[in-house]
Each structure stands twice: as structure tokens, then as C-alpha cells.
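Peer 1: Fit chain V to the given chain A structure using the hints.
If you want the building blocks of each chain, they are given just below.
Number of protein chains: 2
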Amino acid sequence: MSEIREQVNRTLESATPALYAALSPLGRRMFYPADIPVQAQEARQTTFNGTIGIFTDGRGNAVPLPSMDAVLTLSEDDRNRAFLYSPVPGFEELRTLWGDWQRDDMADAPATCLPFATAGLAHALSIIADLFGGEGRAIAIPTPFWGNYRQNFELRTGAVVRSAPAYHEGRFNPRAIEEALADLPSGEPAVAMLNFPSNPGGYSPTREEREELKRSLLRIADQRPLVTVHDDAYNELVYEAGVPKRSFFWDMVGTHEQLIPIKVDGATKEFAFFGGRVGFLTFGLDLDATTTEALESKLKSISRATIGSPVATSQVILLQALRSGKAREEVEQIRAIAAERYQAIQPALAALDPTLLRLLPFNSGFFVLLEMPAELGLDPHAVRKHLIEHYSTGIVSISPRYLRIATCSVAADALPELVARVERGVRELAGRR
Amino acid sequence: MSEIREQVNRTLESATPALYAALSPLGRRMFYPADIPVQAQEARQTTFNGTIGIFTDGRGNAVPLPSMDAVLTLSEDDRNRAFLYSPVPGFEELRTLWGDWQRDDMADAPATCLPFATAGLAHALSIIADLFGGEGRAIAIPTPFWGNYRQNFELRTGAVVRSAPAYHEGRFNPRAIEEALADLPSGEPAVAMLNFPSNPGGYSPTREEREELKRSLLRIADQRPLVTVHDDAYNELVYEAGVPKRSFFWDMVGTHEQLIPIKVDGATKEFAFFGGRVGFLTFGLDLDATTTEALESKLKSISRATIGSPVATSQVILLQALRSGKAREEVEQIRAIAAERYQAIQPALAALDPTLLRLLPFNSGFFVLLEMPAELGLDPHAVRKHLIEHYSTGIVSISPRYLRIATCSVAADALPELVARVERGVRELAGRR
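Chains A and V, in that order, give the protein sequences.
For the record, in the first sequence the residue sitting at position 127 is 119 according to my numbering, with numbers rising by one throughout.
For the record, in the second sequence the residue sitting at position 305 is 297 according to my numbering, with numbers rising by one throughout.
In isolation and in its complexed conformation, chain A is listed as follows (with noise of 0.2 Å):
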């Protein structure tokens, strides 16, 4: 077995350089056996087929409790998928049109490798993070963050979030991870992590920005491995006609050879399917099929190991959307109410009395933020509860000092009476009724 493994290494090393000395300890361990997966692939074809442990009809197809299979309206081939395994990368025909999702109408998209399927979006950061994170390593997160970032590889993993403000004086600040990174010994790989639309945020940046942040980037990759984890869980959800929409992960892809984009997405906010528990990995990498392989035993090995194969069902569901000719248009339903909720909240938002709550920069996404002055002192869980039970009003708190309203779940006409009711707890909680 370690036979192949030292395989594996040894073409990663070879063709990526950068990506495997950003390897995490588990990372450089893991490799696919070639066990009961691997041999049910070669055997497919056989007329005596008696590899693989599902139960079917003998001739391969599923046979569905028929109290399960009376909720599901599918062809029999897409049937005899969503109850048997999927293939631990994903069925091949989701990952392709997925990588085509991505690419929409891009003129002359970048090649990258085909997007690997995962249990939702946090599964596929669980695998990055076993993949790159591990003791020590340095993780660059701007703030403030998903609270999920650190357990995912800090608690987990033991990797070090290093952090450094998202915005200064109200503006987005492009060199956040350069300057979390500042005091990291040279070629000390790093891995960091871009959020946009963002959470807890609902920013995007402006070209200008962007423009700027690349190049902070690239700074960086002079020093080092530099992994960028592009997590577009709110992919394209962006309300402001100036601000670029495409995934930052584009303008990354094959700028620097120390440089390794990995976009993280998914079916669960950008096609409203949470449940399903869908998610992708994509390498922002051009490599060749050997290259490509090995690359593929590390993520199959740790997802094998982890969850065994990502979910069959929802992934022919999703399968329905993108094969329908109809995905585009009726995701553009979605964030044409997500924009209408967007445009709703602005006069609430624009009326805050900025000595107790300020609007951290939104233009996008599915939350704002908003700030208390430090000078207050009012705790962001106590005007949280305070929230709760006088003014039956729900918001999220985030130390030291935020406050999150989520516009996704709130409809258009009660977003104003909530930002007006959290305003007035604000106020009562400061002593200033």
C-alpha cells in the first residue's frame, strides 16, 4: 500500500511543488487503496459481477423501499443513482456540468480540474483543512469571520488562525492577509481565506480592490505556498451594479506557481438547497491526467474516510436543475428577491443613528453587519437576548461588538420594523430612551 502512496507523492512533488509542500502531515498520509471502490470499477463490465456491497435486483438496479421510492419522480437510470453509491468524487456527469455552472459565459475561462463533489460546503473546507491545515500551520482569516472557519481547522486540526481586520475606518481593506501574514518565517506555506459576498459581512469588492488584493496576494506568493481557499458559498449574490459579480477565484487561477486557488461553492445557497447537502472542491490548477489522479487519491482517501461517498439523492436532484436548460433563469429568480430585500433595507440602514449602530460595508450577500461603538459598551450577546424578549426580534452577535441581521430569511416588508426594532434595543440597552 505505501507503495502507492509514495507514488502519489512523488508525482505531486514533482508536478506542484507548491501544493505539496503545503501539505498537511495527514495530507502527505493520505492515498486511495486500491480496495473495494477501485476493484468494483474494474469489474464493472463483468457478466458475474459480485464486488460491491449494494443491494440490487441482480441485474444493477436499486430496489428502493417502496414507501421511499413513492416521493421521488425520476427516469430509472436517475432513480437506480439517487439509491445506490455515488463514485466517492461525484457522478461524472454533475461534476461537468458543474464546472460549466461555474464558468457560465466566461470567454476564455482558465482551466482548472473538475469540481469534486463533497457533503456540503463544510465538508469541503473539513478537506482542505485536513489536506493543508494541520499543527502549526498558519491560517490567514480576515475579520470578522464564520465562527465554523476556526473549528474547522484550529480546533480541529490544530492549525493557527492568524487574523487582521476586514475593514479599516468603514473601507474594505485589501491587505488583511499580507498583513496577518506579516511575521511568517519565508517559506512557511500559508493558507487563506476569501469570503466573498462575505459572512458575516455582505461585502464584495470593487475592481479597484480586487485589483489591489491580487496584488497583495501575489506578494505574498513570492514568499511562500500559498494556498487561497475561495469560499463563494453566496456566489454572484451581488446588488450593486459597479461591483463585479464572477468569483475572485477567476482572477487568481494560473497567476503565480506558488499560488494554489481552491474554490469552494455549492448547491446549498446558490440553488436554495440546504438540505441536499451538495458542495464542490475545485483546484484552480492546469494539470495533467497522472497529476490529476494523484491529486484525486488524496481527496478521495480523506473523504472516503470521513463520510464514505457524498449523497447519491441530492446530487441527482441537483442534477434535475442543471440538465433542465432552466437553472440559470430560476436561480436568477432567488437573487432577484434576495436584491428586492436589499433594496428594502437601504432606507432603514441609511437612517441608524451612528452613535449606536454603524452599517459595516454591504453590498452583497445574505447579511448585513452593524457595529456598536466601542465607547457604549454594550456586549453583542446581551443586546442579542435583550432582542429575544422585548422585542421578539432575532439577530446574531458576534464578539466584540456585532450585530448580524440575516435579509435572507426575512421578507422585504418586515426588514425595516426589524432594523427599526434592533435600533430602539440598541438605544434602551445605552440608556438613551
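There could be a bad hint or two in this list.
Any copy, or any two copies together, can satisfy a pair, since identical chains are not distinguished.
Said to hold, decoys possible - Pairs of lysine to any residue residues, derived as SDA-like cross-links and limited to a Cα-Cα distance of at most 20 Å, are as follows:
(1) Lys206 - Glu367
(2) Lys237 - Arg413
(3) Lys377 - Ile(-4)
(4) Lys318 - Ala374
(5) Lys377 - Asn355
(6) Lys318 - Gln335
(7) Lys377 - Gln33
(8) Lys237 - Gln325
(9) Lys377 - Arg36
(10) Lys377 - Leu176
(11) Lys318 - Val55
(12) Lys206 - Ala336
(13) Lys206 - Arg36
(14) Lys318 - Ala62
(15) Lys237 - Ala328
(16) Lys206 - His382
(17) Lys318 - Ala340
(18) Lys318 - Asp97
(19) Lys237 - Ala99
(20) Lys206 - Pro102
Since the hints were made in silico from the structure, they are not lab data.
Peer 2: Below, chain V without anything else, positioned relative to chain A:
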């Protein structure tokens, strides 16, 4: 945050000292922080609820894409559940119904924790590996065993697999785990894998063997905290009248204070829902509410950091069966087909030339395991390839000299021919045609 961790760890240490002693460093580190899911839960009754990042119509209802919604026939409530997030431990209704399903018609079933939903059985195993594995921890697994155990525990967490033969001279060896742990210093915690019906073995112990196994495990628990992992993937697929069907997990619950039995089961094989990825972890411990919460804090934090939340869509599909009142009958129909295949393969197995292939104990499950006598000097992987190329026959090869036939994916009338071809291929390679 570390206050919550301290409290969780102190609770477990005082209420379940053996479990606490068996936790890995990662298991001690993990806890569920009071962030978004907890905050969303606290705000669930508010009029203006802007907590959670799900896209809804503003009144809590999902807004699925029409092309995806069209293939699912569900009540409005279930449709919302299928498209929105599941709670991290799974839907309460499903957890309760699965707990009932596990107990079936058991009189006086002992108290256990509520089943905790996972993304399939491999994910349940990976949570156990994270909680109780880790560098140097002993994992006793009788040989031959499913390769993914090694990937999951050893390669991923650094635990050390210790094994002893599951069969001695063609008979089940109830002391395999005790033998594997014999020289482990007293007091050092260990994990034991128990898999009945087994894979790749296709065996379930008799009543006497279970008694002996139980006594053996209790002797180990006299020496050390022992986590017994009951992999019940093939639950109750037992074809011989005298052999107990009920999970051996129930024999161990509540028998020793140093013993922590954990049941791993799910819809994958038991409900022929391979693609759905619904598994469960059930701790065979009778815990009070505070201790249950502390244990779930560990489980939820690992699950959230690896997959976010379990698959809602598949849980809802599984719920249809469990609510229908027909699950028992529908599952029995699949078991009846499996039993028919078991009968159909018997004459072919009985006719095997024992100088070429020896049948290992087989009375249950999805697989037949054949051993080639050592004196033939045949490489099982070479035999496998030969069977594909010259006999259009697919089987799984396992080192050092095993061949596994999956009866679950072959029709009853094809099984005799499949066995005959395997034997012909082995005879040919043994130079005896």
C-alpha cells in the same frame, strides 16, 4: 468559549469517567460553541427572525428551484424540511422513530441515548475515530476486516490497529479482541470493533459464541475503559434459524461501568438507501439531561466541523418509511430476497474443492468469504484480475489470500455459475486444469 469546554469536560468526567478517560486529545478539545445554530434556536419564536442564513420566503418556508422541487412529492412541512437545514443531531422525529425501530419488539429494552444522525455509517465511524482514536490509541479489529476501518482510524487519526484472527480453524474466535489487546498496559483505554453480520466475513455468532464474547469483553473492561463499536450495517440479515438476529450491542448495554457500547447503524443497507447517507450513532449509556448535553456538545462540534449538518433531504425520505407503518414489512421483503440468495448459493459452496477454496463461516450478511489454501501460493489480486479477464466475473480480493463474493448484488440464479467460475479460475491458476 473555553469556559463551555471546561464545563462539558467536567460534566463528562464526573458522570461518565470511563468515557472521559477514553476521549482522544481532539475529543477533549471539541465543544459546541454558542454561535449561529444555538442563537438561531434561541430566536426561533421571534416575530422578526433575522438569525439564520437560509433563504426563505420570509415566513419560514423554503424556496426551492422549481426544477428540483418537481421531483419530490412531499407535504408542505416535509418539503420545507427537505430543502432547509437539518438540526446538527438530525430531526428529532427521525431520531425518536429510529430509536423505536432499533428496539422493535424488545421487551425491557435498556435505556440508551437518542440516536445521533450522521452522513452515513462511515461518517458515524469517523466521529468515533475523532472522539476516541488519535495518536497511539489501540483499536482492536478481528481480521479480516473492512479496509475503511484502517483508513478511518489509523491513517486519519494515528490510532494503531491491533488485530487477531476472527476465525480459528474455520470457527469463530470469540477471544480475538482480548488476544489483540493482551499486552496493552492495564488502564490504557482501547476501542474494539464488532461487526455482525460481518464484512467481509458474512458471519454472526451463535448464542454460545455471543456469551463467550461477552465474557471476554467484560474481562477487558475489568482492565481498562473499553469503547465497543457495534457496526450494525447489516443488522438482522441472519439466515440461520438458531442464530440470534438482534444486535449484540443490546447484550453489552449496561453491563460494566468501564464499557462504552456505541451502535453504528443506518438506512444505507438496512433500508437499501445507499445513496441517501443517513447513519446513526447511538451511545448505549443511560445519561441524565446534563450529561447527554455534554456528550452531544462533542458530537455536534465534530459533525458541524466536518459536514455542517446531516442530509435533510434523505432524512425526510427515510421518515416516509418509518412513519408509514410498512417499514418492517418492506425491509423484510428485501431480507427475504437476501435469504433466497443465501439458499441459492449453498449447493455451489458445498461443492467447492477444499484444496482450492475454503468457505469461511457464513450464516448472514451480504458476503461470502473464501480462503485459498496457503500452499497454493496464489496472490488474491492476481486471481481477481484473472477472473475479470477470462471469466467475466467480478469479486473482491483481500490480502493475504481471500476472495469475497457479494451475494447482495447478484441474482439468485446467477450465484451458482459465479461460484463455479471463481473455482475454475483458481483451479486454472493453480495449474490444475
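Peer 1: Give a verdict on every hint.
Peer 2: Results of checking the hints against the structure:
Taking the shortest Cα distances, Lys206 and Glu367 never come within 20 Å of each other, neither inside one copy (35 Å) nor across copies (65 Å). In this homomeric assembly, Lys237 and Arg413 never come within 20 Å of each other (Cα to Cα): the closest approach is 32 Å inside a single copy and 59 Å across copies. In the homo-oligomer, the alpha carbons of Lys377 and Ile(-4) lie at most 20 Å apart only across protomers (18 Å), although the nearest pairing inside one protomer, at 55 Å, exceeds that limit. In this assembly of identical chains, the alpha carbons of Lys318 and Ala374 never lie at most 20 Å apart, being 45 Å within a copy and 49 Å across copies at closest.
In this assembly of identical chains, the alpha carbons of Lys377 and Asn355 never lie at most 20 Å apart, being 28 Å within a copy and 59 Å across copies at closest. With identical chains, the CA atoms of Lys318 and Gln335 are never at most 20 Å apart, being 26 Å at best within one copy and 50 Å at best between copies. In this homomeric assembly, Lys377 and Gln33 come within 20 Å of each other (Cα to Cα) only across copies, at 12 Å, whereas the closest approach inside a single copy is 55 Å. Proximity of Lys237 and Gln325 under a CA criterion of 20 Å is satisfied intra-copy only: 16 Å inside one chain copy versus 52 Å between copies.
For a Cα distance limit of 20 Å, the shortest separation of Lys377 from Arg36 across copies, 12 Å, qualifies, whereas the shortest one inside one copy, 58 Å, does not. Taking CA atoms no more than 20 Å apart as the test, Lys377 paired with Leu176 passes in neither setting, with 40 Å inside one copy and 51 Å between copies. For the identical chains of this complex, Lys318 and Val55 are inter-copy neighbours only, at 16 Å across copies versus 31 Å inside a copy, given an alpha-carbon limit of 20 Å. In this assembly of identical chains, the alpha carbons of Lys206 and Ala336 never lie at most 20 Å apart, being 33 Å within a copy and 66 Å across copies at closest.
For the identical chains of this complex, Lys206 and Arg36 are neighbours neither inside a copy (46 Å) nor across copies (41 Å), given an alpha-carbon limit of 20 Å. Taking the shortest Cα distances, Lys318 and Ala62 sit within 20 Å of each other only across copies (13 Å), while inside one copy they are farther apart (25 Å). In this assembly of identical chains, the alpha carbons of Lys237 and Ala328 lie at most 20 Å apart only when taken from the same copy (14 Å versus 56 Å across copies). In this assembly of identical chains, the alpha carbons of Lys206 and His382 never lie at most 20 Å apart, being 46 Å within a copy and 57 Å across copies at closest.
In this assembly of identical chains, Lys318 and Ala340 lie within 20 Å of each other by CA distance neither inside one copy nor across copies; the values are 35 Å within and 54 Å between. In this assembly of identical chains, the alpha carbons of Lys318 and Asp97 lie at most 20 Å apart only when taken from the same copy (15 Å versus 49 Å across copies). In this homomeric assembly, Lys237 and Ala99 come within 20 Å of each other (Cα to Cα) only inside a single copy, at 15 Å, whereas the closest approach across copies is 61 Å. Taking CA atoms no more than 20 Å apart as the test, Lys206 paired with Pro102 passes inside one copy only; the shortest distance there is 17 Å, against 60 Å between copies.
Checked against the numbered hints given earlier, the structure breaks hints 1, 2, 4, 5, 6, 10, 12, 13, 16, 17 and satisfies all the rest.
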